[in-house]
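Add chain B to chain A, keeping to what the hints say.
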Amino acid sequence: MDISLADLAFIILAGFTLLTALGVVLFKNIVHSAIMLVFSFLGVAGIYFTMHAGFLGLVQILVYAGAISVLIIFAIMLVMNQDPEKTNLPSPNIPNIMAGTYLTILLVGALVGSIWFTSFPEKVAPVSGDELGLLTGLMLGDYVIPLELAALLLLVAVVGAIILARGAEHK
Amino acid sequence: MNYALLSTEVLTAVIGLTVLVAGLILPQRGKKVVGILAMLMTMLVLVVASLHFTDYEVFFGGVYQVDAYGSFFKILFLSAGLLVMLMGGKYVERFEERSSEFYALTILATLGMIIMACAGDLITIYVGLELMTISFYILTAYVLNDEASAEAGLKYLILGAISSAVLLFGMSLVFAMTGTTIVRDIAAQFTVQPAMIAGIVLMIAGFAFKISAVPFHMWVPDIYQGAPTPVTAYLAVASKAAGFAALARVFMLAFPLDQFNWSLALAILAAITIVVGNLIALAQKDVKRLLAYSSIAQAGYILAGLAAANVYGLKGVLFYAMLYVFSNTGAFAVTTAVEVETGSTDITAFNGLAKRSPFIAAVMTICMLSLAGIPPLAGFVGKFYLFSGAIESGYLWLAFIGLIMSMVSVYYYLTVAKAMYIGPAESEEGMAIGGAARFALWACLAGTILFGVFPAPLSQMTQCAIGLFF
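Keeping their order, the protein sequence lines are chains A and B.
Those letters in the first sequence? Residues 1 to 171, per this note's numbering, in order.
Those letters in the second sequence? Residues 172 to 641, per this note's numbering, in order.
Bound conformation, chain A alone:
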């Protein structure tokens, strides 16, 4: 088996993304988890770059690694009222954790096996040329319904966040 430079870059980036994503779950301090999340976003951006989707990679860095993670860290700062070392503790129920772990290993094993033994056809060639034009053409052309729907989805999310955050009526 020969590994090309692009494959190597993908393996390193994917491993980095996975490890940092695990860090988000496993760190006991929620601030550390948030920082791991930033790195995980950056790893995903790197994967976009290796797939020649430069625009998506940049948007990923700007929006996710930049804006959203700053929002998350601000939100943590504003609502945290206890010792940061104990903000993201794992569940104390060991049998549950073990059962979950075994199931996960089984599922991941089956998935890795099925993907490993498949010869993937090269159906989609990497895009060359006007990548941004192609993307906008798709979003405002064939995929205009999901795009408009995504706008409504964001509205629902914003309205819902305000309703839930404002609290119940005082009687």
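FYI, nobody ran anything at the bench for these hints, they're computed from the structure.
Remember, it's a predicted structure, so these values are computed and weren't measured experimentally.
Only true hints are included.
In silico BS3-like pairs for lysine-lysine, Cα to Cα no more than 27 Å straight-line:
| # | chain 1 | residue 1 | chain 2 | residue 2 |
| --- | --- | --- | --- | --- |
| 1 | B | K526 | B | K261 |
| 2 | B | K456 | B | K589 |
| 3 | A | K86 | B | K326 |
| 4 | B | K326 | B | K456 |
| 5 | B | K589 | B | K526 |
| 6 | B | K326 | A | K28 |
For chain B alone, kept in the frame of chain A given last:
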């Protein structure tokens, strides 16, 4: 492309936004109008959707499709939304300031379901599904001063996110194998390979979560119990039907049965769902929780029709999904009325209901008998279609399990009837329900009885709708 055919979708989005804005700009006194406005406009869209039942048009190379199958589910979702808003009016009053947003979110969730049922493309299905579920996350947690509701909302958010991830991963594997997300084109590129099968299995798991099939049902009892009762009703009938609509369209059109037999997997899932749902329902003491487990069992029956994957089975899926809207919403409407009156949904709260309000008790009994599949009510005709389909496809054992478990289910449905008719009444006072709720109860009663004694029109509609697959 004739964009006028998208009028139902556009109108649904517009009324959702109108209700949202009306709730903001109307003066305090005028806020009560918002609910009535929402119901009237939904009724209007329902009429528009019914008039356009036979339209056919493929948009954007298959990304979106207007056809009789989609129109059938549009009518189903809009009727369910309308019934839920009608019967929940009194319940929603307790949300005071936030009641107009409640209606807006309900309507936008309906839009998500409509898109799910009509989308011919995996990405569009996913976005529709997210619009529906995110609206439901918020609606589930709507009773802010009740911890059970907040817990239910959070649980639904976390589990829903995981199930979405599983569904997306399945979709991405299918895309990797076929190079397209458009359902019709997937069938042309279909090859049986391990990754393809993994993709199909993950998609089954993702959709099975939405339709609450065992073993992906763990979220159902807690969330159905914690959510406001009208939301529970809507979750049980419409969100489930939307899952079935997308599941049937994707599996019937994208994955050819003669190349990969996914139907056995669904048949096994259906059998486990029927058995587990019915057996756990036997032990329930709370009517809301009982209806939650009963809805798991009902999902199993519908799944049996889908596993059969023939004309009878699929007709049964559509027929049952429609009658389920009326029978189950009727049962939930009574539960809502009882909860508004007594503040509890425990089975003891139903004691002596027949003396207090014979009409409400009768609706509850008839709806529950229909759910149990007693002739001549609608549930019997639906189950007849579903199980004939299963037998025709060679799943005799599945039909047998379904029949036995239907008999078992009569017991727990009748425990509620028993409490209502021979339970000791704590008060003889009549129960006051609003005019809108009364109308909803009459509609549910009419649907449940009419589809049972005169199933031909609905049966013709389902026949027309499944013309898409055969």
